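These are the residues of each chain, in order.
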Amino acid sequence: NAGVTQTPKFQVLKTGQSMTLQCAQDMNHEYMSWYRQDPGMGLRLIHYSVGAGITDQGEVPNGYNVSRSTTEDFPLRLLSAAPSQTSVYFCASSQGQGNQPQHFGDGTRLSIL
Amino acid sequence: GDSVTQMEGPVTLSEEAFLTINCTYTATGYPSLFWYVQYPGEGLQLLLKATKADDKGSNKGFEATYRKETTSFHLEKGSVQVSDSAVYFCALSVWDDKIIFGKGTRLHILP
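Protein sequences, first through last, are from chains A and B. According to this note's numbering, the first sequence is numbered sequentially starting from 1. According to this note's numbering, the second sequence is numbered sequentially starting from 1.
Read the hints as simulated data drawn from the structure, not as lab findings. Since the structure is predicted, the reported quantities are computational estimates derived from the model, not experimental observations. In this text, a Cβ means the ideal position worked out from N, Cα and C, and glycines have one as well. Don't take every hint at face value.
[Unchecked claim] Output of the computed footprint for chain B on chain A, the stretches with three or more beta carbons under 8 Å from beta carbons of chain B: (1) 39 to 46; (2) 104 to 113.
[What the hints assert, rightly or not] Covered by chain A, per the in silico footprint, the following chain B stretches (three or more residues, Cβ under 8 Å): (3) 37 to 44; (4) 52 to 64; (5) 98 to 107.
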């Protein structure tokens, strides 16, 4: 009963490095999304996907790339890490968009030095 | 644009106290409303939802009523427990579009 699995749980990067945050779900959900959570800011949508092969930008997409080659996986790529990207990142999936319950992973805590 | 405003925290209560966390919204259409809860070290979980005016969502002793006339969806619980300590997020979605979250309210319950 895995649900939404995010890896890694913690990561420290140096400015300018790149990395990929992994997200996988086993519920056959079409809709997947990435959020970042910062103190006092709540959750902000980075990118989302309504199905395999389809992605779109959210509220704060700059500095991040996504792809959706399969229904199960939705990786988030940081192209050149910046200290402003220090945050906790959450992946979520659902059967539809906002009207359906969102299932969240446990998050990746990312620090950029 | 559509938005959610919820009371700032932290909110600190003693065990068995009555809880209210205020949430108001602005929406151009007819939104569905949600409360999510985040326990320490975990992702968000859906706590309850309401999809039309005057609906009451309830779960685990928590309740919230969709009030269209006051554009509100306040979260209430009659007797809180230490295990209710968490961050609570109010959220909305209009016409099955993307979900919009409030900034969250941290709740501390003292034994």
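These are the hints, each one checked on the structure:
1. 39 to 46: n = 5 at 8 Å, threshold three: holds.
2. 104 to 113: holds (count 4)
3. 37 to 44: Contact hint for the region 37 to 44 of chain B vs chain A: holds, 4 residues under 8 Å.
4. 52 to 64: Result for this restraint: violated, n = 0.
5. 98 to 107: It holds, with 7 qualifying residues against the three required.
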